[in-house]
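For reference, the chains in residue letters:
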Amino acid sequence: MPESGPLPTLSGSPGPTDAVLLRQVLERRPEALSELYDRHAPTLLALCRRILAGAADAEEVLQEVFLHVWNNAGRYDAARSSVSTWLVLIARSRAIDRLRSRKVVERVHEAAHLESPGEHASPEGVESVFHRERRQRVKAELDRLPPEQKQVLEMAFYEGLSQSEIAGRANLPLGTVKTRTLLAMKKLRSALRSDIRELL
Amino acid sequence: MNEELTAEDRTILAALEAPGEPLASGEPSDPSETAEMMARLYTEVLGLLPFELEPEAPRSEVKARLLAAARGEAAPAVPPAASEAMDETQEVDPRPAPLPPPVQTSRPVLSRERPSAPRVAMVSRRRSVWPALLAASLILALGGLSGWLFLRQTRMEETIARLESDLAAERRERGQSESAMTGMRSAMERMRVNFAMVTAPAVKVSPLRPVDGQSPARGTLFVAADDQHWYLAVHGLPPAAPDRDYQLWWVADEGRMVSGGTFDPTPGEKVEMFSETMPERTQDVVITLEPEGGVEAPTGPEILRGAGVVYQL
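Residue numbers (our numbering), protein chains in the order written: chain A, 19 to 218; chain B, 45 to 357.
Heads up, some of the hints might be wrong.
[What the hints assert, rightly or not] Some chain B residues near chain A, calculated using beta-carbon distances under 10 Å:
1. Ile56
2. Phe95
3. Ala114
4. Arg216
Think of the hints as simulated: they come from the structure by calculation, not from any bench. The beta-carbon is built from N, C-alpha and C at its ideal position, and this holds for glycine as well.
With the rest of the complex left out, here is chain B:
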């Protein structure tokens, strides 16, 4: 049932179980105008319930006693109603002190009937104690309030710090995602260009063969019609030794060797390289095994070399 309670239901139950004062609002966590109106409506329903009862006029003495108290007069003693027979419980009656008895000035006051002095003293002591109690209560209340405010502020600061941390993490993640997205877009664009290039009718294709004639490695170089854009795919190369890299070389005119970059293949995966430029009058392409990071001029053994045959697609 509790899980199914609506805000209205909770308002009703709160109104029924509220103490003497009307409910402030529907729910502490929902001080909206609607909730306050809801609480008000059901409070008024409760206020109407006693109208079902037959009204009863109190005895006139009750009003007289009340008004005497309101005027600060001594109230006339109200004799109990016929049904209000005194019983033993009245001696330990916890009710508020009854109104003072009527002052009887015409009657001579006996000395044994004058307990007024000690009562005054008692009242005086009470008056001196109450301000101190009130002050102590106020101090306690202020202390409690300060502590509560401090705790609340600390919690809010912790919450803010946590939210800022979460926000920073979110921003980092977003930055990484955007970076990855940019990389993917770039890769897709390159793939699109490469695909367009290798499928273009004017592209030239040059196969790469192992120099030793035994390696299973193979390569294919695609060169666009502008002799600048190129795309190289190599497969079957074993990973290089830890201090070694494969290096691509362009063999330009007069045998000049121009580096095209280094790479280290992943076992079982094809190596793809591409660029928008290549040296002018390139005659051939060679792949060598060089020290890690590459060198300015080839020093290692040639692994693959262009076959020297160019196919026009």
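Just chain A, same shape as in the assembly:
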């Protein structure tokens, strides 16, 4: 993502790019962290909740993610990923670590039943037009995948399972799991190329 010029942000208004904000975070400017948080926290919280199966401690993971960003902004490498993807990968990794280390699956399922949907703001309140359109595209492309391909991809991404673990859990040959995963990723890469181009 280029660092100059106004670009769509979560709020839908022009503003500094994520990369610029991250550089300001590196300069220890809390207002930049605040802006970055406003843009990405809703998506990252949804990701953490998805991984932790609606876990109550998703917000703690979210806070860890942004504290990590605050303390390690210098580790971001623009050549490897966009800021958005960097944040997603950190959040995913932290949430999966939490899932594994605390074995919260059964516990949080119970909590999820108790959780009221009204605790968090509605999507309309936190999502920009830009992100809503992106979400619709990503969701449509994922729905377009054959269910068996989508299943292995979700197991790999949201549950952090290796290909062998997926094969064991789904009772499928390892080669089949790999083929489905690779097909799904290649289709998404092709279908989402306009979004990817915006991130590069």
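Guided by the hints, dock chain B onto chain A, whose structure is given.
For chain B alone, coordinates are given in the frame of chain A:
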């Protein structure tokens, strides 16, 4: 499946199973620009996946707590959400330490509520231990790195030595091949000359017969029209004794004997001798059995002698 995986496939699987940081490149062994771009593309695909989810706004306390920590302030305690009922696992919670509770300066501090001194001491001890641990880790890391570099250098030197040895062997083999090739070319050229000579219309032919009249050995001498180029073919001679050689003699004018060289036939094979010169006014040719290496004047028995008859082809 593994054997059929392309570099792109391996990049995808590596990106999916990578830890929190984006993949550095497609493959460690392939740090090319293409591989890096491939890794980047699939990393971004992963980054897009959560956009399928309905975004959720965190509670405002989360942000307040985060920013308080960022500003180095005491963060306000965030009450748990309705669903975040405390459970027994929180007592052994391995998560990072929660942010400090708010400072309440208006409240009188009781002496039993002042565990600050021991905590400070603990922090101080931790501060004194961490640099040492860090230094020890650095030393270990440097030691490991040095060892790795040494091993790598040793392996590289071994590889270089092996490659140099292979190269020398290749050069030797090539030299031998070239030498053999040169010999073959030379032999082919001689054969071509000999063939041309024996088939030339002006060549003279003189048969060689056994002196004792009983040996099955026979010979044929071909002399070119210039009386210089000659070619001798002998067959049927038994191998010489270990300390003996057959020797060819030219019988020049006035009976002078000039050596034409020695040979030792291989059983069943024809002996071929040739040269571009022969003594002037040669009258005849004789083959004798001599001491190994030959002699200046014939001493042994004559085995074959020219018949004295010359045919003009």
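Consistency of the hints with the structure:
| no. | hint | in the structure |
| --- | --- | --- |
| 1 | Ile56 | holds, 5 Å |
| 2 | Phe95 | holds, 4 Å |
| 3 | Ala114 | holds, 4 Å |
| 4 | Arg216 | violated, 49 Å |
When held up to the earlier numbered hints, the structure conflicts with hint 4 and nothing else.
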